[in-house]
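S.K.: Here is how the chains run, residue by residue.
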Amino acid sequence: MRRSLAQSTAEEEEGINLTPMLDVVFIMLIFFIVTASFVKEAGIDVTRPEAATAVPKKKANILVAISANNEIWIDNRKVTPQGIRAQIERLHAENPEGQVMIQADKESFSETLMVVMGAAREAKVSVSIAAVN
Amino acid sequence: MTTRVESLSDLLAQGEDEAEIDLTPMLDVVFIMLIFFIVTASFLNEFGVEGTKPPSVQNVESESKSIAIKIWSTGEITIDGLTIDPRAVSAQITRRRAENPDAGLAVLAGRRAKTALVVGVIDSARAAGFRSNPIPISELQE
Numbered sequence: 001m002r003r004s005l006a007q008s009t010a011e012e013e014e015g016i017n018l019t020p021m022l023d024v025v026f027i028m029l030i031f032f033i034v035t036a037s038f039v040k041e042a043g044i045d046v047t048r049p050e051a052a053t054a055v056p057k058k059k060a061n062i063l064v065a066i067s068a069n070n071e072i073w074i075d076n077r078k079v080t081p082q083g084i085r086a087q088i089e090r091l092h093a094e095n096p097e098g099q100v101m102i103q104a105d106k107e108s109f110s111e112t113l114m115v116v117m118g119a120a121r122e123a124k125v126s127v128s129i130a131a132v133n
Numbered sequence: 134m135t136t137r138v139e140s141l142s143d144l145l146a147q148g149e150d151e152a153e154i155d156l157t158p159m160l161d162v163v164f165i166m167l168i169f170f171i172v173t174a175s176f177l178n179e180f181g182v183e184g185t186k187p188p189s190v191q192n193v194e195s196e197s198k199s200i201a202i203k204i205w206s207t208g209e210i211t212i213d214g215l216t217i218d219p220r221a222v223s224a225q226i227t228r229r230r231a232e233n234p235d236a237g238l239a240v241l242a243g244r245r246a247k248t249a250l251v252v253g254v255i256d257s258a259r260a261a262g263f264r265s266n267p268i269p270i271s272e273l274q275e
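Listed in order, the protein sequences are those of chains A and B. The first sequence begins at 1 in the working numbering and counts up one residue at a time. The second sequence begins at 134 in the working numbering and counts up one residue at a time.
In case anyone wonders, no lab produced these hints; they're calculated from the structure. Even for Gly, the Cβ is constructed at its ideal location relative to N, Cα and C. Misleading hints may appear alongside valid ones.
Pairwise CB distance ranges (calculated) [said to hold, decoys possible]:
#1 B:218 / A:27: 51 to 61 Å
#2 B:163 / A:97: 23 to 33 Å
#3 A:18 / B:266: 50 to 60 Å
#4 A:126 / B:154: 45 to 55 Å
#5 A:95 / B:266: 16 to 26 Å
#6 A:132 / B:275: 23 to 33 Å
#7 B:158 / A:27: 19 to 29 Å
#8 A:36 / B:219: 39 to 49 Å
#9 A:132 / B:208: 14 to 24 Å
#10 B:219 / A:30: 18 to 28 Å
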């Protein structure tokens with residue numbers, strides 16, 4: 001009699017209670033969805049200039065790269081100076097919180113930097129210049 | 134009538150049996166989404182200094198009070214016509230700021246000036262206390 005009772009309770013608890021794990025998994029899922037910012041990489045790697053006062057820019061996720069030979073890259077594509085503003089506006093529409101981060105090579109000319117900064121100003125997006133500490 | 138009652142009770146019995154929903158497919162989907170978002174999560178940590186391009190150069194130059202740092206295409210840095218070593222820029226700005234605490238700052242960069250120099254000057258200015266606002270960078274008419 002007692003044995004059969006024990007057996008039946010064991011059978012009842014055979015299915016593991018998944019609820020706590022599901023809670024954890026959902027919280028993780030929501031966290032990763034919220035933090036996912038879908039950064040569009042500029043497409044080229046540059047040598048950043050050095051700046052001791054550089055601070056982390058969390059919201060800067062519109063990446064514009066300027067190569068050492070003054071080519072402008074946005075979203076894995078080479079962009080003409082005329083096309084920068086449209087590209088920045090497109091990325092800004094996708095991510096209204098985003099700010100422009102110019103990844104300018106230390107050997108690039110400031111002329112190109114000015115062109116990109118002018119385009120960002122026309123698109124009314126604030127700008128940071130990437131640097132390493 | 135009787136058949137209907139029978140079928141209803143059957144239905145009820147069935148409902149009781151399937152009261153525990155099978156969560157496995159949902160779990161599968163949730164896990165796949167979780168893994169997708171973990172993999173795509175790119176925690177971008179880029180360091181940078183803020184800058185801005187003022188609407189026109191005239192505005193900057195008309196402000197006689199502001200400290201204008203000129204970076205020439207040759208790589209020379211001048212403040213008020215005085216050539217300054219890149220490492221001494223911060224000290225110069227600090228000194229001029231002590232003389233005139235209300236002074237603004239303007240960086241004027243020549244067309245062929247290297248970005249490294251421009252960022253270096255911005256860095257010096259930030260080190261000298263110009264941290265609150267983005268530093269205006271304009272084109273230097275050479």
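S.K.: With reference to the structure, classify each hint as holding or not holding.
M.R.: Comparing the hints with the structure gives:
Between residue 218 of chain B and residue 27 of chain A, the C-beta spacing of about 55 Å keeps the proposed range 51 to 61 Å intact. Range check, residue 163 of chain B to residue 97 of chain A: Cβ separation about 27 Å, and the 23 to 33 Å hint holds. Separation of residue 18 of chain A from residue 266 of chain B is about 54 Å and conforms to the stated range, judged on CB atoms against 50 to 60 Å. Taking the beta carbon of each, residue 126 of chain A and residue 154 of chain B are about 49 Å apart, inside 45 to 55 Å as hinted.
Residue 95 of chain A and residue 266 of chain B have their C-beta atoms about 24 Å apart, which keeps the hinted 16 to 26 Å range intact. In this structure, residue 132 of chain A and residue 275 of chain B meet the distance hint of 23 to 33 Å, their C-beta atoms being roughly 29 Å apart. One distance hint, 19 to 29 Å for the beta-carbon pair residue 158 of chain B and residue 27 of chain A, holds here, with the actual separation near 20 Å. At about 41 Å, the CB distance of residue 36 of chain A to residue 219 of chain B agrees with the hint of 39 to 49 Å.
A hinted range of 14 to 24 Å holds for the C-beta pair residue 132 of chain A and residue 208 of chain B, which are about 20 Å apart. Look at residue 219 of chain B against residue 30 of chain A: about 48 Å separates their beta carbons, and that is not inside 18 to 28 Å.
In this structure, the one hint that does not hold is number 10.
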